[in-house]
Amino acid sequence: MDAYHVTVLSNIGMISLIALSAYLLLVCGEISFGQQAYFGIGAYISGIATAMWGWPLWSGMLAGGLIGASAAAFVGALTLRINGFYFSIATLAFAEMMRLLLYVFRYQVEIGGELVGPDGENGFHGIRWIFENDISTVEFMWIIYGVLASVVAGMMFMERSRLGRIFRMIGQDDMLARMQGVNVLLYKVLAALIAGFIAGVGGSLYAHSFTYIEPQFFNVMLGVHGLAYGLIGGLGVAFGPLVGVAIDIGFLEAIRWIQGYRMIAFGGLVAVMLIFWPRGIFDEKRWYSIRRCLRRMCGAETS
Amino acid sequence: MLRVENLVTAYGKIKALRGVTLEAREGEVTCLLGPNGAGKTTTMFSIAGILRPTSGDITLDGESLRGLGAARVVGKGVALVPENRLVFPQMTVSDNLHAGAFSRRDDRKRQRDMEKIYQRFPVLRERSRQPAGTLSGGEQQMLAIARALMARPRILLMDEPSIGLAPIIVAEIFRIIAEINREGVSILLVEQNARMALKFAHRLYLIQQGEITFSGTPDELGQDEVIQRSYLGG
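If you read the sequences in order, they're chains A and B. The working numbering applies: residue 1 is where the first sequence begins, and numbers increase by one. The working numbering applies: residue 1 is where the second sequence begins, and numbers increase by one.
Using 20 angstroms as the maximum straight-line C-alpha spacing, the simulated EDC-like pairs for lysine to aspartate or glutamate come out as follows:
(1) B:Lys-76 / B:Glu-5
(2) A:Lys-285 / B:Glu-126
(3) A:Lys-285 / B:Asp-95
(4) B:Lys-76 / B:Asp-57
(5) A:Lys-285 / A:Glu-159
(6) B:Lys-199 / B:Glu-26
Rather than coming from a laboratory, the hints here were simulated on the basis of the structure. Remember, it's a predicted structure, so these values are computed and weren't measured experimentally.
Just need the whole structure built from these sequences, with the hints factored in.
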């Protein structure tokens, strides 16, 4: 595997996390244009933790995830009371506010005769954890996929649980969900919290993979892509968004001649999907038929 | 058991209910009849906690339900089968039934209730793994009733269960409602189908333009008069 492919694959893995984060809220019927904020928060927090405080990657990642989750829960608790439309706008506003704050956020310490830390618009250099610990880009790619696999497994497990059912109930008809005794706001905030955690962890990986981050990375296009991946790949099952990422980065990136037109192709793809398969390739119906086929093939009788 | 007193509910400045008073007695089928736009659904939504009344009170055995919010009203034993938005279409029939039992934590009893419901509605067992959206209108209505029963309600609120269904299925639905009632669940029914309602209701309320214009037993009012008054006003 050459460096280019490792980079593309690593990107797919990290972007998948923001896609999963947006997906979880989509399942609950909420469109967030702001998941990039928690991705960015995770990146900065974990970068500060490892590069400046000397924490190991795992603690940094956990801190990034937790801070991302708290921020998301805070924003969610304020904004999820209002209708879907306004929630989308509020998340976008918060994310842009976050990004602009990062432009003026300066917090540096001297390490080994060099200033390290976020330096406003100049970005955050020297997140060297992978060099210091002698981890190759290929090895880091496996770390990314390990994390991704655990998140996907966790989400697929969750979808079969009571919590997953509640999220789907809310997504399909939140008023009917309320009539069943579901505290809709509480569960939506919980979904935002989990989504914020996933995005924060994704951002942590991103910071350590690139070793340099700047506010501009976490602009609205990142969030829009995250959303679109779920809508392309499908909202029926947690690996849907991964299919969306693979199609965009894997397929469109691979076709060299399309490079300059990639955004046009991507926009067109989203438009076509929304017309023909509004809930993506692996939507609930298709996922249901797939599960039935699998059951028939195995001949297993599980409820 | 369920008393609604002087209930006023408004959409913005427009009062949809202008002081509705009614009572659903323990073990009875109480029917609320009236023309379109009279405030029937608004009454149901106010009781279920989906709409917030401006004034008046709703009590279940003396305990106020007003302002509790939909989620907690279900916990008190009041389940609503809404009109039109019946099921979670992309969830399987069995998941829909589980959804109805959301407010309960007693897993083993829940399993037993599920079994009872499948016995009462064999068609739901056949279709238990199908997405609920693929069921016919009548089956969806049955699923909605079954789901409400999973909450073990003391009183079941039903908003026009006969709407849009073929006469033979309407008869079946009403047979089931009567059966549920005989097993001890009180029922508050909103209907436009006066003929069916008169056959099953113990107590009758007519509602017009947000006000109750008649209350009593079906015998006190001839069928013709009910129909005339609930459709034509007066």
